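Undergrad: As a plain string of letters, each chain reads:
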Amino acid sequence: MNIETLFYLFAAVTVYAALRVITARNPLHSVLFLVLAFVSCAGIWMLLEAEFLAIALVLVYVGAVMVLFLFVVMMLDINIEQMRIGFLRWLPVGLLLAGLIGVQMVWVLGARETSAGMTAVQHAADYSNTKELGRLIYTDYVYPFELAAVLLLLAMVAAIALTLRKRRDAKRQNIGKQIRVTKQDRLRIVSVPSASKSAAAQDVVASDDHAAD
Amino acid sequence: MMEAQILQFFQWFWNLFGLWDWVWGYIGPVWPVIWVVVKIVAIIVPLMLGVAYLTLAERKVLGFMQVRPGPNRVGWWGLMQPIADGVKLLFKEIIAPTGANKFLFIAAPALSLAPALAAWAVIPFDDGLVLANVNAGLLFLLAMTSLGVYGIIIAGWSSNSKYAFLGSLRSAAQIVSYELAMGFALVCVLLVAQSMNLGEIVRGQDNGYGLLGWYFIPLLPMFVVYFIAGVAETNRSPFDLAEGESEIVAGFHVEYSGMGFALFFLAEYANMILIAALTVLMFLGGWLPPLDIAPFNRIPGLFWMLGKISVMLFIFLWFRATFPRYRYDQLMRLGWKVFIPLTLVWVVVVAAWMQTPWWLW
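Chains as they are written, first to last, in the numbering used here: chain A, 1463 to 1675; chain B, -6 to 354.
Looking at chain A on its own, in the form it has when it is part of the complex (with noise of 0.2 Å):
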């Protein structure tokens, strides 16, 4: 099985996933196939000799990001017969989009520098990918990278502040005050004296053990 092969192989994946995540009727089930989509677009970085890519795309989408999609689509109570509704009249705007987005890609990827093929650059065994990548992004293109860094931290900001709100009837727990907290402060020993013979005076300790649990 040779490199073009399994190109094809993990694309034919990604497109069959892809369309998928557009049309499961299962929300979950979308969430999963775009799971998929990611392991096999993932899967032709790897075949690009860019592993560091492939494996930090894996962690971090895959990893990460799809686990809190998958979670908030679980919590979420979505109408799938709700959503529909509105098919028909968005359909020209979304036919538009993907139109836009086709005429782009044919561009981008038509265009003579960047169509030179798709076999990769072949490197010896100790090449190593994540090195190189590290030694371009912090000299050649350090100020992009640090640009997208900051855009990134203002992002994270924002969401932050935007959802943070202070509820003044909210309960909570001072921690340091917890641990601090000595046998004095919780556990009071009470002498009592012992019980009389009688059924009666029994029951009353019994029901007043009770009441210390």
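I should point out that these hints are in silico values taken from the structure, not numbers from a laboratory. Small disclaimer: the values here were computed from a predicted structure and weren't measured. Note that CB positions come from ideal geometry on N, CA and C, so glycine has one too. Treat the hints with care, since some could be wrong.
As the list claims (entries may be wrong) - Partner residues are not named here, just some residues of chain A that face chain B (Cβ under 7 Å, in silico):
#1 F1472
#2 L1509
#3 L1510
#4 I1517
#5 V1520
#6 G1525
#7 S1590
#8 E1594
To be verified - Straight-line distance between alpha carbons at most 25 Å, and here's what the computed DSS-like set of lysine-lysine pairs gives:
#9 A:K1633 - B:K330
#10 A:K1628 - B:K95
#11 A:K1639 - B:K330
#12 B:K81 - B:K95
#13 A:K1639 - A:K1628
Unchecked claim - Residues on chain B that point at chain A, a partial pick, calculated with CB under 10 Å:
#14 A165
#15 R318
#16 D322
#17 Q323
#18 W329
Using the hints provided, position chain B relative to the given structure of chain A.
TA: Frame of chain A, contents of chain B only:
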């Protein structure tokens, strides 16, 4: 080299009948695939046996710590107990609950076991004794361990049961939180080793002074954080809130019976052995002997590797016998407010320390 010896043996064997050329004509083209499959089997079979006997070891250790004998009826000293358990689970009926998503319900146990096994591909057992010597081995391991959560989430959701669902939500939140601390601990290791290849990481700990060269000394906080986060990642006690018997029955696998349940168990124990192996490789010098002098460095590295893994596994069991289960908010606090700040600071400390002449590793 082992490959050549085995091929030579086969050549000698088939030449006794004068059939070598004929046989090689068939298997020659696919020999690399056969050889990889042989290596995979050589890892998986001992691993599965290890998992089986780890369950026995767990019950025995818990028993001894609680002053009782543990299982001692099946076979001498209870040694056939794991086999008996396996046979029992194999013959049990698999019941899918009403309203369960059948396909995902069946697929979930396999999804939780597969990443646990795939991660073993890059683990070196001795110098050069590894299935795939990958440059980005550490990243591969992080990716594989982060995939295990899918099995648990899907199991909880597809069972159509509230207890299973609660268990899977707890587990997902827990694993995602602790993965960050684990990742930062690994960043420290690759900073010190200057490589993501696990073999290189172990060789970096070999500086002729035995255990003084291992990374657990400069990275002591990371060693502790990594192991505790590993206990949390594998949903082991005291972080086993995903199963919490007293609150949500058995958590995500409450609806599973027979082999489905067995696969979840296999995955949990295979993950435990994996975390123990990783701790050993990255902090405790892998296959290196603790003292680089005569009686110790004569013993093969595989022995040291397996011995160290056993010690770490014993600590897993010791934890279970010792600590009560955490409360969920305490668990989240430990992950986000203690471990992540600590690891972030230690990354900076190590990076600065490595620039000074006091860096001895």
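Undergrad: Now tell me, hint by hint, if it's right for this structure.
TA: Evaluation of the provided hints:
With a cut of 7 Å, the hint placing F1472 of chain A at the interface with chain B is violated, because the nearest CB-to-CB distance is about 17 Å. Hint status for L1509 of chain A relative to chain B: violated, with the closest Cβ pair at about 15 Å, above 7 Å. Restraint check, L1510 of chain A versus chain B: the minimum CB separation of about 14 Å is more than 7 Å; hint violated. Hint status for I1517 of chain A relative to chain B: holds, with the closest Cβ pair at about 4 Å, below 7 Å.
For V1520 of chain A, the shortest C-beta to C-beta distance to chain B is roughly 4 Å, which falls under 7 Å, so the interface hint holds. For G1525 of chain A, the suggested interface contact is upheld, since its CB lies about 3 Å from the closest CB of chain B, less than 7 Å. A cut of 7 Å between beta carbons decides the hint on S1590 of chain A: the least distance to chain B is about 5 Å, and the hint holds. With its C-beta approaching chain B no nearer than about 11 Å, E1594 of chain A sits outside the 7 Å limit, and its interface hint is violated.
Between K1633 of chain A and K330 of chain B the CA atoms are separated by roughly 19 Å; this keeps the pair inside 25 Å, and the hint holds. Distance hint between K1628 of chain A and K95 of chain B is unfulfilled; the C-alpha atoms sit about 43 Å from each other, more than 25 Å. For the suggested pair K1639 of chain A and K330 of chain B, the alpha carbons sit about 16 Å apart, so the restraint of at most 25 Å is met. Between the alpha carbons of K81 of chain B and K95 of chain B the distance comes to roughly 23 Å, so the proposed pair stays at or under 25 Å and holds.
For a cut-off of 25 Å, the pair hint linking K1639 of chain A to K1628 of chain A stands: about 21 Å separates their Cα positions. The beta carbon of A165 of chain B comes within 6 Å of a beta carbon in chain A, closer than 10 Å, and the hint placing it at the interface holds. The interface hint given for R318 of chain B is broken, as the beta carbon of that residue sits about 17 Å from the closest beta carbon of chain A, more than 10 Å. Annotation: interface hint on D322 of chain B holds; nearest CB of chain A at approximately 8 Å, less than 10 Å.
At its closest, the beta carbon of Q323 of chain B sits 8 Å from a beta carbon of chain A; the interface hint therefore holds under the 10 Å criterion. Residue-level restraint check for W329 of chain B is violated (minimum Cβ-Cβ distance to chain A is 12 Å; threshold 10 Å).
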